[in-house]
Amino acid sequence: MLELRLVQGSLLKKVLESIKDLVNDANFDCSATGFSLQAMDSSHVALVALLLRSEGFEHYRCDRNISMGMNLTNMSKMLKCAGNDDIITIKADDGSDTVTFMFESPTQDKISDFEMKLMDIDSEHLGIPEAEYHAIVKMPSSEFARICKDLSGIGDTVVISVTKEGVKFSTRGDIGTANIVCRQNTTVDKPEEATVIDMNEPVSLTFALRYMNSFTKATTLSNTVTISLSSELPVVVEYKIAEMGYIRFYLAPKIEEDEDETKPEV
Amino acid sequence: MLELRLVQGSLLKKVLESIKDLVNDANFDCSATGFSLQAMDSSHVALVALLLRSEGFEHYRCDRNISMGMNLTNMSKMLKCAGNDDIITIKADDGSDTVTFMFESPTQDKISDFEMKLMDIDSEHLGIPEAEYHAIVKMPSSEFARICKDLSGIGDTVVISVTKEGVKFSTRGDIGTANIVCRQNTTVDKPEEATVIDMNEPVSLTFALRYMNSFTKATTLSNTVTISLSSELPVVVEYKIAEMGYIRFYLAPKIEEDEDETKPEV
Amino acid sequence: MLELRLVQGSLLKKVLESIKDLVNDANFDCSATGFSLQAMDSSHVALVALLLRSEGFEHYRCDRNISMGMNLTNMSKMLKCAGNDDIITIKADDGSDTVTFMFESPTQDKISDFEMKLMDIDSEHLGIPEAEYHAIVKMPSSEFARICKDLSGIGDTVVISVTKEGVKFSTRGDIGTANIVCRQNTTVDKPEEATVIDMNEPVSLTFALRYMNSFTKATTLSNTVTISLSSELPVVVEYKIAEMGYIRFYLAPKIEEDEDETKPEV
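Residue numbers (the numbering used here), protein chains in the order written: chain A, 1 to 266; chain B, 1 to 266; chain C, 1 to 266.
Because the hints were derived from the structure by calculation, they are not lab data. Take these hints with a grain of salt, some might be off.
Treat identical chains as interchangeable: a pair holds within one or across any two.
[To be verified] Subject to a maximum C-alpha distance of 27 Å in a straight line, what follows is the list of computed DSSO-like cross-link-like pairs (lysine-lysine):
#	residue 1	residue 2
1	Lys190	Lys20
2	Lys254	Lys91
3	Lys20	Lys149
4	Lys168	Lys254
The whole structure should be built from the sequences, with the hints applied where relevant.
Pasting the structure below:
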């Protein structure tokens, strides 16, 4: 028996909107610790890891560990029917091949239950070791989203270069080149507006903008984003989910085929 | 000679937006009582009845009963040119094959007149007898619109079931099932937020969601909607037009081909 | 060496949005006087003239007159990456085949530079003589935009007729006819809401609505528009750019093939 009651149901709606375009089908894993998901995107390039800790739920009952395979498009269709102020409860009976989403309006005048068929999905759970990163950039999530969107109007890839002074996002395409520099800046009125750089050594890595843009769909979940970079590791783009957990996106850097920086990257 | 002056011209704009997708061509009937329309939708499944009473007009002159055939798409194109605060006057000379819509801006600085060709439309006027209904549900129109929209993401038909406690909207489709229950609720701050159920006997009827969704285009006309249900009659979905009349949509229930409720309806 | 620093960078963004759909490629001419452009639309029917005077820039350095050929779609893609509060600097080195747009956020935390390739564009600069017009209409730019949009739902051309009392915009199409009269009105609370007619002799001219609608993309640049009409000259539709200059659109009137006004224009 599984019953998870989330007062701030809009969080779950936002989580689905963040990942449904990247991942088609995925197993949600439920244990005493929390409700989590780990999935590769459909082209097996990027990895998503979601965690919603059990403490973040108003009520959390999970008698035994289960893994529920869901089609994220269908799940998103159902969650879209929840109001933004609704309480969402996820329910599943032991051995059942369905999951139920219950939505309660704040006034309790409207109660909806949506039952969805579960799927069998083959998936291997990758262990993601804790790692040391050369540089960690924390910045406003809306700023990062804007930069990825702007650069994708010019080119296909972004070079992210971190120095002590700031982080530079660069691209080049048929119509020209673009460089956007965000300076370290901690003297802001609101902490979520700060750009903070924690660097051990300078790093410069290239990524596909298409994926970066997809990750920024999680911007609604958090005011800030943390980008962890290391030359030997996939980048981690992390959005914290207030008091509950996180969504993390992992993406391997592109290998530069040509060291000559003056030539255009294709 | 016909001359109808409507100070709140935006009402007529909203009326057209409510019905133009459902009905292509229709006769507007003008008499001493008011300005009215009755028309089947293009697939002859749903019926629309509109009444704007003469008292609701600032000036209402209709020397003799006339019926004016109009293409609603074209009429809508013209009414879209009226500002939301404009006064609209409908004018037609006896025997003329055109109608004129005059728009006056509140400051009288801008006066527009749009002349549209009338059409000959065959139509039979159905007498709609006053009827007794098993159950009448009055609820916020935006809530009803939201429910119809949400359910159409899951299935094609909606089962509306009324009991003393509340009204249940259900659907099922390939991806699962959905039930939304709105409880009777009269202790609200604003009367238009109440859900009021007036029931003689329980009723459960099935309707095509496509039509229900089309009817909810009238949501802009009224804060509340009244749904009148009876097992032998078409449902009536009524939107009152403040101090002037109403738009009513009639739709016959779908006959269940299979009594076995566990089987999906196709 | 060219370096033009525009504190209100959003002006340049709006200028590009105003003309990029009308003109594909154009030469921007830079001299001690200012930054200007003159270009025919791609079908060689309408002419655009832009002037941004040097005094309007915070810093204006132009060592020698140069003409920079730009693809306006690409330029617009780059300028879209500037924030609305950003300072924009246009830079070009002598003899360089690129131009650089630099965007500085108000807090100076984010500095972007976009480099775009220049093009060789054949163009002849037309001398546009100062002319006397039969009638000059000054009216709210949003009102003019609304009228052009509304009429294009009915017909393809607009007849603009000016008398001392007001200006009339008329069209006719398959579904009927439309006439919109804006009366001269100078007793308004805000001067930008006035409709002022300066007339030497009545004039009535026909124009393609498609172009008029395109011109109204400049509505964001100014609260008012000035329409200068003369039977022997192209109409001038002018939007002033506050304290800097203007955008002017020129369009030749359509010749009426038939003097009989009762016949429809095709």
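Hints, one by one, checked against the model:
1. Lys190 x Lys20: Intra 31 Å, inter 38 Å, cutoff 27 Å: neither.
2. Lys254 x Lys91: The answer is neither: 41 Å in one copy and 32 Å across copies each exceed 27 Å.
3. Lys20 x Lys149: This pair counts as both: shortest intra-copy Cα distance 19 Å, inter-copy 20 Å.
4. Lys168 x Lys254: within (17 Å within a copy, 53 Å between copies)
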